[in-house]
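> Given next are the chains, with one letter for each unit.
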Amino acid sequence: GAGVSQSPSNKVTEKGKDVELRCDPISGHTALYWYRQSLGQGLEFLIYFQGNSAPDKSGLPSDRFSAERTGGSVSTLTIQRTQQEDSAVYLCASSLETNSPLHFGNGTRLTVT
Amino acid sequence: AQSVTQLGSHVSVSEGALVLLRCNYSSSVPPYLFWYVQYPNQGLQLLLKYTSAATLVKGINGFEAEFKKSETSFHLTKPSAHMSDAAEYFCAVSVSGTGFQKLVFGTGTRLLVSP
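Chains A and B are the protein sequences, given in the same order. Residue numbering for the first sequence follows this note's numbering, starting at 1 and increasing by one per position. Residue numbering for the second sequence follows this note's numbering, starting at 114 and increasing by one per position.
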């Protein structure tokens, strides 16, 4: 596809369940980012991948959050034992190189009931 | 630490009027600054960026922003608003020393355009 693809677009889950959010970056983009957009909080950096490694995961809110990237392409953000405060839009972005412009996906809207 | 402040969570203008969205930054080193736009149910799209070249930066859709070091500002302007400009706008600063685009975003300004 032409852009960054995220799935699912919407996810409703019960408190305590685990969820997986997927990001397909633009083909050939080496850098991949996860951000979280919460009401009243704005956009927060979560984690950055260069290739398959994550040099900076300082934005992950707790050890319930983890992410991986395989084959230098698809990335999965996993949230274990979801809490209501995890409700937010999770945005993925990729860039061709480290300092190239970011291209954002449309996000996954997560609602924890 | 770098930060940005966007003044006004909502800005309303009439179609054809000047658009001015304010952004002030805090940075101990020369910053890289960005404006992004987000249309409903979509991701963010880069409007323009400042990376220490020309202080007046022109972006897409007729927007421009001027970097003013003395005022620590990077306000976004457009001479004449169009209905299609209605969206949320985010100012962001890149955290220096990371070697990558770790962006710190403002809380956003929603632009409303009336006919």
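There could be a bad hint or two in this list.
Claimed, not checked - A partial selection of chain B residues facing chain A, derived with a Cβ cut-off under 7 angstroms:
(1) Gln155
(2) Gly156
(3) Leu161
(4) Asn174
(5) Phe176
(6) Lys215
(7) Thr222
(8) Leu224
Said to hold, decoys possible - Facing chain B, a subset of chain A residues (Cβ under 7 angstroms, in silico):
(9) Pro8
(10) Leu60
(11) Pro61
(12) Phe65
(13) Gly72
(14) Thr76
(15) Phe104
Rather than coming from a laboratory, the hints here were simulated on the basis of the structure. These figures come from a predicted structure and were not determined experimentally. C-beta: ideal position from N, C-alpha, C; glycine also.
> Would you mind marking each hint as holding or not holding in the structure?
A quick look at each hint next to the structure:
The criterion of a C-beta within 7 angstroms of any C-beta in chain A is met by Gln155/B, whose closest approach is roughly 5 angstroms, and the hint holds. Taking 7 angstroms as the C-beta contact cut-off toward chain A, the hint placing Gly156/B at the interface holds, the least distance being around 3 angstroms. At its closest, the beta carbon of Leu161/B sits 10 angstroms from a beta carbon of chain A; the interface hint therefore is violated under the 7 angstroms criterion. Taking 7 angstroms as the C-beta contact cut-off toward chain A, the hint placing Asn174/B at the interface is violated, the least distance being around 15 angstroms.
Checking Phe176/B against chain A by beta carbon gives a least distance of about 15 angstroms; that is not within 7 angstroms, so the hint is violated. Given the 7 angstroms rule on beta carbons, the hint for Lys215/B holds: about 5 angstroms separates it from the nearest Cβ of chain A. At a threshold of 7 angstroms, the smallest CB-CB gap from Thr222/B to chain A is about 11 angstroms, leaving the interface hint violated. Restraint check, Leu224/B versus chain A: the minimum CB separation of about 16 angstroms is more than 7 angstroms; hint violated.
The restraint placing Pro8/A at the interface with chain B is violated, with a minimum CB-CB distance near 14 angstroms, outside the 7 angstroms limit. Interface hint at Leu60/A: violated, since its Cβ lies 13 angstroms from the closest Cβ of chain B, which is beyond the 7 angstroms cut-off. Interface restraint check: Pro61/A against chain B, minimum CB-CB distance 16 angstroms, threshold 7 angstroms, status violated. Interface hint at Phe65/A: violated, since its Cβ lies 17 angstroms from the closest Cβ of chain B, which is beyond the 7 angstroms cut-off.
This hint is violated: Gly72/A has a C-beta 15 angstroms from the nearest C-beta of chain B, more than the 7 angstroms allowed. Residue-level restraint check for Thr76/A is violated (minimum Cβ-Cβ distance to chain B is 18 angstroms; threshold 7 angstroms). A hinted interface residue such as Phe104/A counts as satisfied when its beta carbon comes closer than 7 angstroms to some beta carbon of chain B; here the least separation is about 3 angstroms, so the hint holds.
Going down the numbered hints, you'll see the structure goes against 3, 4, 5, 7, 8, 9, 10, 11, 12, 13 and 14, while the others check out.
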